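Please model the complete structure; the sequences and the hints are all you need to start from.
As you go down the protein sequences, you meet chains A and B in turn. If you're matching positions, the first sequence starts at 1 in our numbering and goes up one per residue. If you're matching positions, the second sequence starts at 1 in our numbering and goes up one per residue.
Wrong hints could be hidden among the right ones.
[To be verified] Cβ-Cβ distance ranges computed for the label pairs, FRET-style:
hint, chain 1, residue 1, chain 2, residue 2, range
1, A, Leu101, B, Arg186, 27 to 33 Å
2, B, Ser298, A, Cys107, 34 to 40 Å
3, A, Gly40, B, Arg156, 17 to 23 Å
4, B, Glu283, A, Val156, 20 to 26 Å
[What the hints assert, rightly or not] Computed, partial: chain A to chain B, Cβ under 7 Å:
hint, residue
5, Ala15
6, Val16
7, Glu23
8, Ile27
9, Asp66
10, Asn70
11, Thr345
12, Ala347
13, Ala351
FYI, nobody ran anything at the bench for these hints, they're computed from the structure. Here the structure is a predicted model, which means the values were calculated and not measured. The beta-carbon is built from N, C-alpha and C at its ideal position, and this holds for glycine as well.
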Amino acid sequence: MDDELPPEAGHAIGAVFTGRGSEYFRIWVVNLLLTLLTLGLYSAWAKVRKATYFRHNTWLDGHVFDYHGNPVAILRGRLVAVVLLTGYTWAFQFSNAAGLLTVATLCAAGPWLFMRAQQFSLANTSFRGLRFGFRARAGEAYWTVLPVLALWFAPVVGGAFVSVETWVYWTPTFASVLAWPWMHHRLKAYQRRNAVYGDRDFTFTPATLRFYGVYAKGFAFVVLGAILAAVTIGAVFAWWHRSGALLISSRIETWIYGALAVLAFYVVAWPYLAARLQHVVWSRTRLCDIHFRSEIKARPLLRIVLKNVGLSILSGGVYWPWTTMALARYRIECIRIESGVPLSTLAASLAAQPVTAAGEGAADAFGFDIGL
Amino acid sequence: MTTFSGFRFDGRHAEAVPVIVHIDEGELIVKTADGTVDGTLLDRDRLDRVVVSEPFDRAPRLVWLPGGAALEVPDTNRSFAQQLRRSGVELSLAVRLQQRWPAVIVALAVIVAMLGLFYFKGLPATARWLAFSLPPRLEARMGEQVLGVLDKHYMRRSSVDIERRTRLANRFALAAAATAPGVRYRLEFRAAGNDGINAMALPGGIILVLDGLVRFAGDEDAVLGVLGHELGHVVNKHSVRQVLQSVGVGTVASLLWGDFSGVAASVPVVLGMLSYSREFEREADEFAIAFLRSQHVSARPLYDFFVKVRRWQSRLEDGQVPDFLATHPSTDERLDRLRREIR
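Laid out in structure tokens, this is it:
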């Protein structure tokens, strides 16, 4: 039986990405100009054009992906997101009651918005004429996302009512940190197991322990990196102070420390986490007879990130489009698709989702994209 | 007649059907490419009823047909694009701009100019207008909130003796009545856990003075000068303007590099806060000078205080509460201004 074949003996193809920095740069500049001229309104159209650029340049088995997002739906979603985030940022400054009210609103609307955002992004992506989709069920969305939100907001709410020195504040903070891999895995599993292509469902084998393993190693890298950075910078500053060559105010010094810590995390830990997690998530994802494999490696990714950060800083942000393209290209081209039968044979058996009464257009009517 | 080969997807199955596409008298005609001379006719649609995707350097053109089917037409030599243009299919303004490097360079220059104008003129003016039209109740709430947090975590009651505090408060009230009539303010004395030397103006007119500053300054006229400086911040609503300006910078930064990462977008916010405060410090200094003048008090003790702080500061470690030099960078320019006043 075909099912019994080990994937290597079947048919494997890799994804190809043909987006280039010099072209994406021109798109970015024009998008930016129009966004500024329209006071931000064009950003929804800009997002559609960028999403289209990514999909039209992603090839699989000789065909590209397509995007059908409606800019007006995106604009609507962005307005909601701006209102919610502004509320969240300012509410606790206004009063504790207002803060609690905002958190309650976020908890009530959050899972639904998250679900709709997944649906919007997938339902507006197609390949070979068939749309992807997302099984949006409110009950499952709330069951999945609410515990994550509760853990996320616990320290914020606690901090508003008690002093930072007390255990009431630190216990939820500590719990959120410990539960982070669990939360991340919960959301990823939810996204994957509800994804749909045509009339077929994606499946996802849970991997909570693997997530904890990856995060533990990533954390170890951060600690190591932080110690190394602190020792180096400390030595440099000590030399500076002793030689009196340069008087830096203590505030600038703190700022440099902070910036370097963030940079160290982004450069050292992010590539590792991104590579390992992408690998775990794809290797656990299946679509009928199709297995996915991500051959992404932390070290090449680290090289790309190092180069990107360096050139972005040197160019004052202008290098950014090249950065995006290099990262996308590496991450996409690391994905391989394996199946026991040729993909064209598989494709012939795939059909569109049968149209249900309220099915078509639902994603658009309630379409939201909050940029998750 | 030029024909183009591509694929057709019917939107109901994943099958890719090889097709031959050609444009004839404003119509897009799609036939199967099954080896027969003419192929089977699949679609015949008026060009104004189909939607053609934006052209990209290495991507095929996607054509969405009215019936729900889609075509994928590779166009590496741009002949399909040319044929579309000849048949009257217009490209959007954005696409025409981004296809030309000179236009892109001009666009970039316009963006830089707009950002500069926004940063140096538009944003400060908007923040100023907003700060002065904000309901006073909201601003007062913000101030109370900040004071509440500081009190809960970092501040203790002041231990400077009450006589000295009252004397300072009275002299301050006289000068404030002369230089800033009608401006709401509230003087609060506190002690910081680390004996921090500082004074700050919170939203809503709250002026916070730390014991460390009162003791370190010694001379009462110097403390009065510092309080005058803080009142200058209050009069000009600097703290609210600072918050509003950094929100503005953050918003624009996230428009520029938003989907890059939160980190990259937050760097300009910090930079913005660093450079804006200089401007505000100068304004507050001007106010402090007028404030002291109104009571015929010399600015010399204030000048001496600044110099003393600057000398002392390099030996201090960072505490939880930002210290005076950190929040009031005493540049040579500021000291020069005070020195001129003394003469």
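Outcome of the hint check:
1. Our hint of 27 to 33 Å for leucine 101/A and arginine 186/B holds, since their Cβ atoms are close to 28 Å apart.
2. Serine 298/B and cysteine 107/A have their C-beta atoms about 59 Å apart, which leaves the hinted 34 to 40 Å range violated.
3. In this structure the hint that glycine 40/A and arginine 156/B lie 17 to 23 Å apart at CB is violated, the actual value being about 45 Å.
4. Taking 20 to 26 Å as the suggested C-beta distance range, the pair glutamate 283/B and valine 156/A does not conform, at roughly 35 Å.
5. For alanine 15/A, the interface hint is violated, since its Cβ never comes within 7 Å of a Cβ in chain B; the closest pair sits about 14 Å apart.
6. About 10 Å separates the beta-carbon of valine 16/A from the nearest beta-carbon of chain B, more than 7 Å, and the hint is not met.
7. The beta carbon of glutamate 23/A comes within 5 Å of a beta carbon in chain B, closer than 7 Å, and the hint placing it at the interface holds.
8. Interface restraint check: isoleucine 27/A against chain B, minimum CB-CB distance 5 Å, threshold 7 Å, status holds.
9. Because the smallest distance between the Cβ of aspartate 66/A and any Cβ of chain B comes to about 6 Å, under 7 Å, the interface hint for this residue holds.
10. Contact between asparagine 70/A and chain B, as hinted, is not supported at the beta carbon level, the nearest pair being about 13 Å apart and thus beyond 7 Å.
11. Checking threonine 345/A against chain B by beta carbon gives a least distance of about 11 Å; that is not within 7 Å, so the hint is violated.
12. The interface hint given for alanine 347/A is met, as the beta carbon of that residue sits about 4 Å from the closest beta carbon of chain B, less than 7 Å.
13. Because the smallest distance between the Cβ of alanine 351/A and any Cβ of chain B comes to about 5 Å, under 7 Å, the interface hint for this residue holds.
Figure legend: structure checked against the earlier numbered hints; hints not met, in rising order: 2, 3, 4, 5, 6, 10 and 11.
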